[in-house]
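> Fit chains B, C and D to the supplied structure of chain A, relying on the hints for placement.
Chains as they are written, first to last, in numbering that gives the first Met the number 0: chain A, 0 to 234; chain B, 0 to 234; chain C, 0 to 234; chain D, 0 to 234.
Treat the hints with care, since some could be wrong.
A pair holds if it fits inside one copy or across any two, identical chains being indistinguishable in the list.
Calculated lysine-lysine pairs in the DSS-like style (CA-CA distance at most 30 Å, straight line) [stated by the list, open to error]: (1) Lys35 - Lys110; (2) Lys57 - Lys28; (3) Lys57 - Lys198; (4) Lys194 - Lys128; (5) Lys128 - Lys110; (6) Lys201 - Lys128; (7) Lys127 - Lys110; (8) Lys198 - Lys150; (9) Lys110 - Lys209; (10) Lys209 - Lys150; (11) Lys201 - Lys110; (12) Lys110 - Lys218; (13) Lys110 - Lys136; (14) Lys150 - Lys201; (15) Lys194 - Lys150; (16) Lys150 - Lys99; (17) Lys218 - Lys201; (18) Lys209 - Lys198; (19) Lys218 - Lys75; (20) Lys127 - Lys99.
For the record, the hints were derived by calculation from the structure and aren't laboratory data. Remember, it's a predicted structure, so these values are computed and weren't measured experimentally.
4 protein chains.
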Amino acid sequence: MGQAVIDSLTQSNQLGEVFNSQNEVTLEKLINSHAKTIIDCSIGEVFLKNLPLYLQAKQKVVVVATAWYDHLDEVKKLVDEHQGTLFWADNYSISMMVYKRLIEISCQMLKNNPEFDVYGLELHHTAKKDAPAGTTKQIGQLILNNFPAKKEILYDLPQGQITPETLHIASLRGGTDNIVHDFYFDSPDELIEIKHSAKSRKAFVTGILKATEFLNNQKPGVYTLKEMLAVKAAP
Amino acid sequence: MGQAVIDSLTQSNQLGEVFNSQNEVTLEKLINSHAKTIIDCSIGEVFLKNLPLYLQAKQKVVVVATAWYDHLDEVKKLVDEHQGTLFWADNYSISMMVYKRLIEISCQMLKNNPEFDVYGLELHHTAKKDAPAGTTKQIGQLILNNFPAKKEILYDLPQGQITPETLHIASLRGGTDNIVHDFYFDSPDELIEIKHSAKSRKAFVTGILKATEFLNNQKPGVYTLKEMLAVKAAP
Amino acid sequence: MGQAVIDSLTQSNQLGEVFNSQNEVTLEKLINSHAKTIIDCSIGEVFLKNLPLYLQAKQKVVVVATAWYDHLDEVKKLVDEHQGTLFWADNYSISMMVYKRLIEISCQMLKNNPEFDVYGLELHHTAKKDAPAGTTKQIGQLILNNFPAKKEILYDLPQGQITPETLHIASLRGGTDNIVHDFYFDSPDELIEIKHSAKSRKAFVTGILKATEFLNNQKPGVYTLKEMLAVKAAP
Amino acid sequence: MGQAVIDSLTQSNQLGEVFNSQNEVTLEKLINSHAKTIIDCSIGEVFLKNLPLYLQAKQKVVVVATAWYDHLDEVKKLVDEHQGTLFWADNYSISMMVYKRLIEISCQMLKNNPEFDVYGLELHHTAKKDAPAGTTKQIGQLILNNFPAKKEILYDLPQGQITPETLHIASLRGGTDNIVHDFYFDSPDELIEIKHSAKSRKAFVTGILKATEFLNNQKPGVYTLKEMLAVKAAP
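Bound-form chain A, shown alone:
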């Protein structure tokens, strides 16, 4: 992801300095770079080590690194103490953010209508190494949290009939570029299907660059895609 972001910023002449293992971050380098915003595409551990430096250098931060979310509270506290400005997301696809919100709202609006069942499918290319996908598990948990009739998730092939309390989500592997989620709210008389396809990984780069631009106009604080799209949604 990091290289794709670098390529995009280079193309638009917006790239300043690139830090990596050959050019490690120091406070002095950060200040000399005159960058307004740091895009951290490292890993969780490295991000947590460097965050104090970014904040001391008074630079805004867009966090692409993952695997640090257990430390979210500390990070928020640290950013607040420094009156810093930080953006984070576990998935920078704008439409996946919208998609999750659509699933959440459907659950909330339909949850007291027992004639509706919920179930879903994810389809990924054959090079995908795990099943179900990480994003799929997040969506499964989102449904469990918002649709009380479902008490547990089954990702495996059912052995016999499933119970009404089981949310079944199937994983399918095929093709070279599929990244698809497809969920159903289904009653005997009506059906809503909500489907998301990421056509390419560019979707994530676009989201990162939009987050960077969004931060330019924000007051100090910690932001996610939720705030970004909500602000954009205001009249």
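Quick look at chains B, C and D alone, frame taken from chain A:
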């Protein structure tokens, strides 16, 4: 629709008196009926004439009749003056209500992302007499109101290339029981598809009976599916 | 299935005698029934026992009973010896027969184009007791027989990355009336999706009645849906 | 299309000489080029003028140029006289060829089952200049030729209810890269949906290069995708 509602209420022993052209509504009959709620499946004109009687008889009202919406403000005022309780909807399908909300939210969250295009399709059975469907036109207007990049709707077959400001919605006719809406939020890198199917007309009867039940527990006021699903969605 | 066939024949005044455990089949009863065609909706064992009687009574036979296919060769021989006329199918849905043919042809036309991958999905209602469905396994085998790049079928949730030789078919359980098969022929540049939905069990009754009608005009022999649709396809 | 083919052949070191308006075709140049196969990506008029030269130079020909099909009989005769070898297609997508065959077979197998209706949709990107697409019109004609219940095609928005003899095909315009055809064979009890998506224009280049390779092993004659896929489909 009226007969299907009558059949359903009869089956569940909930039906009181049936008024029609052979048994016209009067204040005296209404009071003697001891009905808690009137379900008005007439036409707009008849509903407007009888509403004052319903209100004087202190009965709650579920309005299935259409073609009176130009008088909505008067109706609201009249209900308020009598401290009455009234429910209305132009489409009693619960999932269509949810569907419209999903379209609205998608527009609001994506409207400032110019890489997203919006377009849609409706498919109805071959007995359908008009194209596009009335519900389709409502959805089209909803998008126009919430997605500023679209300035006009084209329902016809395009003559040449369409402009970016045109929201194209196609109508397809085929099969014996299709009632489908399918809308797309589509960028070069990502796609959200939101699809609704009414499998049978029972969806509308279910919604009417749920609205009737919902009114039982409401204070005086004018309600729509929006309030019903919002209340139901509360924890 | 038997009762639905009886209901349909009764409605159209085509039903003769009904045999069951209270009214067991004998040669005498068969001859006295003056029926032109026997529709056997029993089980494999009972069908095999009664077939000689049908043939001696010179009646045509439509076999709905299953679980006798290991004896197919004996059955064919017996029918030939009596110059009888028999129709059988493991699935009487006409469109499922067409569907299988479409899958077969796609395999045959694309099998030497290694850029194409094949994979599929079946979705059945939550009351379904087994996974994958029997019809799904037949389709899987059909692909294995006609698309040499695929050597084995995986119905389970993948553990890690699948091999190119694996045909992955996922099963999804949800809703009250879904009976869906959906298969994909997918290259990096092109995609064919072939989807079948049985909307109700009436599809099977329709197929049985059409087979009965079809037999009226056939010479002695053993027939399946393949011959029926081929004859119908002739100019 | 021509440039994309040139790029592909260049990458694989298979490209010989390129002829165009700066380097016009002559018999001498053709012979000196030592090319085995000419890929003609010009226009119909130019192709017809140059074909005799290709044949005299004893070179095989893959015709990508369109708008010469009124002269198909003459072309076939000329190729036969020279014992030449020529391949032509109006659409070089392999899967579109398969797709048309699937539509044709479905029509033939279902045409005597009056409970089945046929209808379809095409979706193309917003830069598309015409509606319906050329390929869509070919598919419409294919259905008319093979499904006798349909007597005429309606591409426009229906004015009132359509007749059972009308094949309705809708065109939808939206997004940046959609090239989709979606056709339905739909009865009250069963549904077959057959959908084709060209994900990119590379599909056409792939088909052209496969046709070129295919011609290497063919005896003199005139070939189309039909023969190519049939040969490939043989055991």
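> With reference to the structure, classify each hint as holding or not holding.
Do the hints match the structure? See the list:
no.	hint	verdict
1	Lys35 - Lys110	between (45 Å within a copy, 27 Å between copies)
2	Lys57 - Lys28	within (13 Å within a copy, 69 Å between copies)
3	Lys57 - Lys198	neither (36 Å within a copy, 45 Å between copies)
4	Lys194 - Lys128	both (22 Å within a copy, 27 Å between copies)
5	Lys128 - Lys110	between (34 Å within a copy, 26 Å between copies)
6	Lys201 - Lys128	both (20 Å within a copy, 27 Å between copies)
7	Lys127 - Lys110	between (33 Å within a copy, 24 Å between copies)
8	Lys198 - Lys150	between (32 Å within a copy, 27 Å between copies)
9	Lys110 - Lys209	between (34 Å within a copy, 14 Å between copies)
10	Lys209 - Lys150	between (37 Å within a copy, 25 Å between copies)
11	Lys201 - Lys110	between (35 Å within a copy, 19 Å between copies)
12	Lys110 - Lys218	between (37 Å within a copy, 23 Å between copies)
13	Lys110 - Lys136	both (20 Å within a copy, 28 Å between copies)
14	Lys150 - Lys201	between (36 Å within a copy, 28 Å between copies)
15	Lys194 - Lys150	both (23 Å within a copy, 26 Å between copies)
16	Lys150 - Lys99	both (19 Å within a copy, 28 Å between copies)
17	Lys218 - Lys201	within (28 Å within a copy, 47 Å between copies)
18	Lys209 - Lys198	both (18 Å within a copy, 26 Å between copies)
19	Lys218 - Lys75	within (15 Å within a copy, 43 Å between copies)
20	Lys127 - Lys99	both (21 Å within a copy, 29 Å between copies)
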